[in-house]
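**Student:** Each chain is listed here by its residues.
Number of protein chains: 2
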Amino acid sequence: MAANDTKWIAVDWGTTHLRAWVFGSREEPIASLKSEEGMGRLNPGAFNAAVIRLIDPHLPEGGRIPVLCCGMVGARQGWVEAPYRTVPCPPLGGSFKEPEDCDPRIDVFIVPGLSQKRPPDVMRGEETQIAGLLHENPEFEGVVCLPGTHSKWCQIRAGKVIRFQTYLTGELFSLLCTQSILRHSVNQDDWFNGGFTEGVQDSVEDPAGFGRELFALRAGDFLADSSASARSARLSGLVIGLELAGARAFWESGPVTIVGAERISWAYSAAMSGQGVKTEVLDPEATTLAGLRAAYRQLQGTAV
Amino acid sequence: MAANDTKWIAVDWGTTHLRAWVFGSREEPIASLKSEEGMGRLNPGAFNAAVIRLIDPHLPEGGRIPVLCCGMVGARQGWVEAPYRTVPCPPLGGSFKEPEDCDPRIDVFIVPGLSQKRPPDVMRGEETQIAGLLHENPEFEGVVCLPGTHSKWCQIRAGKVIRFQTYLTGELFSLLCTQSILRHSVNQDDWFNGGFTEGVQDSVEDPAGFGRELFALRAGDFLADSSASARSARLSGLVIGLELAGARAFWESGPVTIVGAERISWAYSAAMSGQGVKTEVLDPEATTLAGLRAAYRQLQGTAV
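Sequence lines, in order, name chains A and B. In this text, residue positions in the first sequence follow this note's numbering: the first is 1, and each later residue adds one. In this text, residue positions in the second sequence follow this note's numbering: the first is 1001, and each later residue adds one.
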């Protein structure tokens, strides 16, 4: 309806979801859109159609508008590979990758991810959230934790990502809950509860005991000395505690800024509080949007 | 054919397999049999039929012979629950559990598993292997490692299991290889190779880095600085090293007796050699059989 007001579109295109925000001339989006057509479900060549299905009603009648994308859409298996930029470097910079097979009404720009040579590590999407954080608070220096399937810890200094580490925490928790022998003994949806804090503490103090503590959850079920809910909470505590033990160098001099969904951020915040570390939690959607706005400004700067 | 020679039958009934050995009057079995009807595939009430399908041709025409079983057949979801005996205790002892719904030609006796109250732990089947080891070597004292899906470490003294620990190592390795993001970057069958020893060492030295080292395997794939075979070897090293880090109290004063399948025992032996620990490897089938023979002798003793 107000499609002719559309000036540009911001897109967060991850493995499982596709989200888009339509911008006019104001700071806030006119519309926010979402589909399940994540990068993981699309064959090469299906990307243009997927994004058009979502944004078509918002495209102006004449002209061509910029569509700024971040996330796994730039992976090797994505729309077109946007080669990693190597840290240390600012979270945004260099040139965007432009796929060739675009609808004539859009110009697509993909934000490159970041890589680290030693130890080997990569990110796609989180660099845009870090850019958003720096866009809102240009003087920020310190540590950003982005919990999730593959949790990231990033050291930021002088506007640059200095180094980062990724932990398989969320994926490990989910596999243990749904695919391992523990699936009979836990309830994945009921994990933030009594037992969590103790699980964190046990892994932080004795990370080597991880594999044994996992089986002890199963044995505790057989020996009937715990509830499924307490076991789930302990399991999430053990997995997050193992990550904290590994990432100690990032958080021990605190504070830590957490960018993540509400419940998981709350858990990480509680886990770090238990270690005497102060945390601040930022909304992930707002932070991604701020980063895509920063990318849009970079694009405008390039165009001028 | 020589069914009338059958004196008793030994059965190892695990989650995925059912194995039976037919004994006459001599020490060595007359026949060894195997089916895929593991406890995990059977409904309650289907156990008698499953074992009869396997051993029927070997049952004598008259009379009733003893069938000694160990393993998950005695679990809550098995044929009939054989309640755990609590350590410290000898690996065999107390009474066998006798299911009621047996073919009239057999008397079934199920060896009970062992449990530990603090920390909570359980075993079913490994107690019979330990009994086999003690049957062959009654003076044995020290540490037995039984690697596998759920690896066990057991302290043996004065003919008793004093304490034990279970690690989810094999299951974790298999889940990571087949279900996680790493499945794109490794080859589960090609894991004992260059990279293994270094993976063990890295986990032993820094168990807290486990979750990070997992993701680094994936990143190493993206950044093209390793092969799938080297990554698989490193993954198995990391997982086994995490177990070694946790079980240090068991092996640090060595030596360790390993009871396990050839390839996995070889890997554990190499991993411990790297830590300066001497190991001896025992054949798991022979050890199980020796344990079931010990159980049969206990039964004869009771009957007298």
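Derived from the structure by calculation, the hints contain no laboratory data. Do not rely on the hints blindly, as some may be mistaken.
[Claimed, not checked] Over 12 Å on every C-beta distance to chain B, these chain A residues come out as not near it, computed from the model: (1) Phe-140; (2) Leu-172; (3) Leu-214; (4) Leu-244.
[Said to hold, decoys possible] Non-contacting residues of chain A with respect to chain B, defined by C-beta distances greater than 12 Å in every case (computed): (5) Leu-59; (6) Pro-120; (7) Gly-211; (8) Ala-216; (9) Asp-221.
[Said to hold, decoys possible] So the derived list for chain B, only partly shown, Cβ under 7 Å to chain A, looks like this: (10) Pro-1029; (11) Gly-1170; (12) Glu-1205.
Here the structure is a predicted model, which means the values were calculated and not measured. Just so it is clear, CB atoms sit at the ideal spot from N, CA and C, and this is done for glycine as well.
**Student:** Going through the earlier hints one by one, which of them does the structure break, listed in rising order?
**Tutor:** Going through the list in order, the structure violates hints 2, 3, 4, 6, 7, 8, 9, 10, 11 and 12 and respects the others.
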